[in-house]
Structures are given as C-alpha cells and as structure tokens.
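With chain A held as given, fit chain B onto it using these hints.
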Amino acid sequence: MVATEQSSIREILESKVKEKPGFIIVGEAESAIKAMSLARTLRPDVAIIDSALPHNFGIDSVPLSRIGGLDTAQAISEEMPDTRVILLTNTDTWMVPNKTVELDIEEVLKGNFDGRQTLVAEPAQPEPSPPPVSFTRADTVDVPSEVGKQNLADSSIFIGLLMCLLGGIMIVSLLMAPAGLFVLGLGIAVTAFGAVVGMFRRHADSRDDFTAGTEEDER
Amino acid sequence: MSVKQLLKRCSVFSQLTGNELDQITEFTTEREYASGVTIFQAQDPSEELLVLEEGKIALQVAVALDTARTSRKITIDIINPYEMVGWSAVVEPYVYNFTGICLQPCKVLVISGKRLRRLIQNDQHAGYEILQGLIRIVSERLGDTRQMLVSERMVVPAE
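Taken in order, these protein sequences are the chains called A and B. Under the working numbering, the first residue of the first sequence is numbered 1, with each subsequent residue one higher. Under the working numbering, the first residue of the second sequence is numbered 1, with each subsequent residue one higher.
Chain A with its partners taken away, still in its complex shape (with noise of 0.2 Å):
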C-alpha cells in the first residue's frame, strides 16, 4: 500500500515496485484517513507512507497541514503488526529536474534503510511496545529526464522564430535580401521542428495522463 499525496510520488512508488517481482500494490492513498482506511480493510504486507501526507482533503476553506505521515505509520503499526511500515522522509526532494529516485524497496524490507538500523525508542510510560516504523529516505541522481524534450521544442521554437525575425529585417533592408530569404526560410523550418516536437511530446503526455485517470477511475 502507498500513502503519498502527490500523484507524480505515487507515480515513482509504483515504478519501484514494479522493479521487483512478487510485489504488488494493492492500494492507494493521498490522506491519512484514507491510508488508514485500506489498511485496515486491505492489511497490506508492506505500506509506505510519504512523511507529509495531510490528514484529509479536499476541505476547501481549511489549510492542510501536510505532516501527518508519521502518525499515520505509527497507528497503522500498532493496529496491524503484521504490516511493514515504510515512512518515507525526503519526499520534497524528489520532484528535482534532471534527476531520479533511488530507492530499492527489497532493500528498504532487508532493513538496510538510511544505512543503519533504526528503531523507534521505548517509550517511558508502561506502555506496550509498539512495532517499529522503518524511517528511511530515498537519494536523487542525475539522468537524462523527459522534460530535456520539452526543452529542445520550446528552444527550437525561440530560436527558428528569432530567424524569422532576422532574415526578415534582412529582406525590408534590401542590403542582403537574398541571405534573408534564406535566414527566413531556415528560420521557418526550425520553428516547424519545435512545433512538431512539442506537438507529439503533448500528445505522448496526454496519453499518459488518460491511462494514468482511467486506472484511478477503475480503482
């Protein structure tokens, strides 16, 4: 089970599981009401909370206050034992361009988390212990990202309609009309590249985001 309430967070979860076969996700949450909620209708074998979840949303009028995840891992520790739980507590810093997640959840369930094992203390008062909640982060790395496409549109586009415009003084000064003529129809086609570019990376963006709704609808 994933807890997390940015879709994009969810997004990275899903693939890291995927990496690895014998595990599944068998649900989604984006509040700490909802994540308690499936856990206990589901009782997952491993649940991995996102430190800043809220506790509810879509409350218009009240500001959310985005730090519920820790509470959220240790009720569901104490309610079900038998569930793993993963709190996670950089999740602000995966959303950096140009780079990706590092983060191995067969690792993460070895117990080979920040490095070194933690546990969550013992409490003063006569209380029963409750499970442990794993605190672990996860590091970003530099690769090559989708948005460097959307780059190369949008500077093809600048740059073929900054031609344009040059070959086009060029041509009204009559000193070099011929070189304008070309400057201009160089410009032309750099600019029907950067469309062309942009045009199919929003159509393959589009088609992610359907596919994207329509396993959240089925769900």
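The set of hints was computed from the structure by calculation and includes no laboratory data. Hints should not be assumed to be uniformly reliable.
Facing chain A, a subset of chain B residues (Cβ under 10 Å, in silico) [unchecked claim]: (1) Lys56; (2) Arg72; (3) Asp77; (4) Ser112.
Okay, the calculated beta carbon distance ranges per label pair [as the list claims (entries may be wrong)]: (5) A/Phe200 x B/Gln15: 52 to 58 Å; (6) A/Lys20 x B/Glu54: 29 to 35 Å; (7) A/Arg40 x B/Ala42: 23 to 29 Å; (8) A/Asp82 x B/Leu149: 30 to 36 Å; (9) B/Asp144 x A/Asp142: 33 to 39 Å; (10) A/Asn151 x B/Pro45: 53 to 59 Å; (11) A/Asp82 x B/Lys114: 24 to 30 Å.
Built from N, CA and C at the ideal position, the CB exists for glycine as well.
Then chain B, alone, in the frame of chain A:
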C-alpha cells in the same frame, strides 16, 4: 559552519552580539541522533534547548483515547534546520510539552538550559533578545496547534 554561525542563523539568537554568542557557545555541544529515535518525551524534565543543524524533527502530542489502552500520537510541527526546540528549558516548570522524534538522521546543537537561564538573568540585552525570540516560537507553535484542531487532525481507531 561553526557553532557561533549556526546559533546566529537561529531566529532566537540572531539579534545577539558576537560577545553574547561566544558566551553561549561555551555551554553548547553538538550531538547526533539516528532517524526514528525519540529525543525527548512530553512531561520529561526539560534541561536542554536544541538547535537543529541537519535533519528533521517531528513534534508530537499524545492524545488519550477512551476506547484503547494506548494513546494516539498527533504531529503538531516539523522542525527544520536552524529552528529551535526545547524552549521549556527556559520557562517554568521546565517540562517538555511535546515528544520529539527524529524523522531523519539529525545533528543538533545542545544548549544547557540552566546556564542559558543564568545568562538571561545576568545580561539584560541578551536576556531581552532571547526571550523575544522564544515568544515568537511559542506563538508560532500555538498557531500550529490551533490549525491542527481546526483541520481535525486526529487519526481515530476503528470502532
């Protein structure tokens, strides 16, 4: 970054002079905690102020429930680098109001509460600036707690 520079970046101590900061560094040490560790429990005697250098600390309050033997914990605030916790070491009855848990591996500056109280009593300017800073923090925490109540923060158990 030196201890003095770190203290300067904390809002509580940002208005102090270099000499005053030097006095505080004399009773300040550095400490590290692993993630998941409970640094202090609510209602424990408060003897130290902590200035977070690296990592994140969650401040939680325990809410007793009628139907369960154990209590439910609610996170009131997340402490980020250069913020301070443990202001209750300066204010009677010197008892922690919240429980502090490290969300990430943390490095903190630990300031002796007793010696800071002595500095506040003996140095008028330092005492004024430090208490001003502490009032700001208490006010912010009060606002955060109010927001928690308004947004119905508690996670309830199954019936």
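Here is what the structure says about each hint:
no. : hint                            : verdict
1   : Lys56                           : holds (7 Å)
2   : Arg72                           : holds (7 Å)
3   : Asp77                           : holds (7 Å)
4   : Ser112                          : violated (22 Å)
5   : A/Phe200 x B/Gln15: 52 to 58 Å  : holds (57 Å)
6   : A/Lys20 x B/Glu54: 29 to 35 Å   : holds (31 Å)
7   : A/Arg40 x B/Ala42: 23 to 29 Å   : holds (27 Å)
8   : A/Asp82 x B/Leu149: 30 to 36 Å  : holds (33 Å)
9   : B/Asp144 x A/Asp142: 33 to 39 Å : holds (36 Å)
10  : A/Asn151 x B/Pro45: 53 to 59 Å  : holds (57 Å)
11  : A/Asp82 x B/Lys114: 24 to 30 Å  : violated (46 Å)
Going through the hint list in order, the structure does not satisfy hints 4 and 11.
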